[in-house]
Amino acid sequence: AQSVTQPDIHITVSEGASLELRCNYSYGATPYLFWYVQSPGQGLQLLLKYFSGDTLVQGIKGFEAEFKRSQSSFNLRKPSVHWSDAAEYFCAVGARAAGNKLTFGGGTRVLVKP
Amino acid sequence: DAGVTQSPTHLIKTRGQHVTLRCSPISGHKSVSWYQQVLGQGPQFIFQYYEKEERGRGNFPDRFSARQFPNYSSELNVNALLLGDSALYLCASSLRGDSGANVLTFGAGSRLTVL
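Protein sequences appear in the order of chains D and X. The opening position of the first sequence corresponds to residue 1 in this note's numbering, with each subsequent residue numbered one higher. The opening position of the second sequence corresponds to residue 1001 in this note's numbering, with each subsequent residue numbered one higher.
Treat the hints as calculated values from the structure; they're not laboratory data. Possibly wrong hints are sitting among the right ones.
[Said to hold, decoys possible] Pairwise CB distance ranges, derived in the manner of DEER restraints:
# : chain 1 : residue 1 : chain 2 : residue 2 : range
1 : D       : A17       : X       : F1069     : 46 to 56 Å
2 : X       : E1053     : D       : S26       : 39 to 49 Å
3 : D       : S70       : X       : R1015     : 42 to 52 Å
4 : X       : G1056     : D       : T30       : 15 to 25 Å
5 : X       : N1059     : D       : S72       : 22 to 32 Å
6 : X       : G1084     : D       : S39       : 22 to 32 Å
7 : X       : D1098     : D       : G16       : 35 to 45 Å
8 : X       : P1061     : D       : E15       : 43 to 53 Å
[As the list claims (entries may be wrong)] In silico SDA-like pairs for lysine to any residue, Cα to Cα no more than 20 Å straight-line:
#  : chain 1 : residue 1 : chain 2 : residue 2
9  : D       : K61       : D       : V13
10 : D       : K113      : D       : R77
11 : D       : K49       : X       : G1100
12 : X       : K1030     : D       : A98
[To be verified] In silico negatives: residues of chain X with every beta carbon more than 10 Å from chain D:
#  : residue
13 : K1013
14 : V1019
15 : N1071
16 : N1077
17 : L1115
Note that the Cβ used here is the ideal one computed from N, Cα and C, for glycine as well.
Given only the sequences and the hints, what does the whole structure look like? Please build it.
Written as structure tokens, this is what we have:
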């Protein structure tokens, strides 16, 4: 069975500073990996995904993530944070045989200081 | 184009009651999935339907059921509500539902409060 760990529950970052959110997964084969963002009271918006190929993937809103198989990680990064990036971020893993079942991590809440 | 629409957006029920949540997928999407998100946690998979057939079920009791209609919309039903069923229920749709390499588009959710 798949599992996802997001070690940081809260992260506070200053506007303009860089951001990195950690995600570790457990899955026996090559996973499908996703990062979603959720603003308060809203649903989830896909930031980026990794299925195969280049391990550095670019997403929307200036986000990128790197798949590192040796570390079972898929960390999300942004070089310069904007106040509008304050939200909750979820890493998720899917599997070929699991259809649309995604396993989500517990989320990381990002606070942006002016 | 309309995204995934869910109704109702908010509802309050009492213990023991029944609730029906509805979801309309993006036009052309044939798969609908349901997730439960308890406050402060990540979403948990409840059901997936693809081409009107159940394709996956999460670790939820039989009080939870769902179905997909010929127009690909879906209902999630929960019987004998418990306080612990209070959560945001998210619906997601995708073009297909036969592999993990499908991109899910989520609706804004239905927030259920059980008193």
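Hints, verified against the model:
| no. | hint | in the structure |
| --- | --- | --- |
| 1 | A17/D with F1069/X: 46 to 56 Å | holds, 48 Å |
| 2 | E1053/X with S26/D: 39 to 49 Å | violated, 29 Å |
| 3 | S70/D with R1015/X: 42 to 52 Å | holds, 49 Å |
| 4 | G1056/X with T30/D: 15 to 25 Å | holds, 20 Å |
| 5 | N1059/X with S72/D: 22 to 32 Å | holds, 23 Å |
| 6 | G1084/X with S39/D: 22 to 32 Å | holds, 25 Å |
| 7 | D1098/X with G16/D: 35 to 45 Å | holds, 44 Å |
| 8 | P1061/X with E15/D: 43 to 53 Å | holds, 45 Å |
| 9 | K61/D with V13/D | holds, 17 Å |
| 10 | K113/D with R77/D | holds, 17 Å |
| 11 | K49/D with G1100/X | holds, 11 Å |
| 12 | K1030/X with A98/D | holds, 16 Å |
| 13 | K1013 | holds, 19 Å |
| 14 | V1019 | holds, 19 Å |
| 15 | N1071 | holds, 19 Å |
| 16 | N1077 | holds, 19 Å |
| 17 | L1115 | holds, 20 Å |
Checked against the numbered hints given earlier, the structure breaks only hint 2 and satisfies all the rest.
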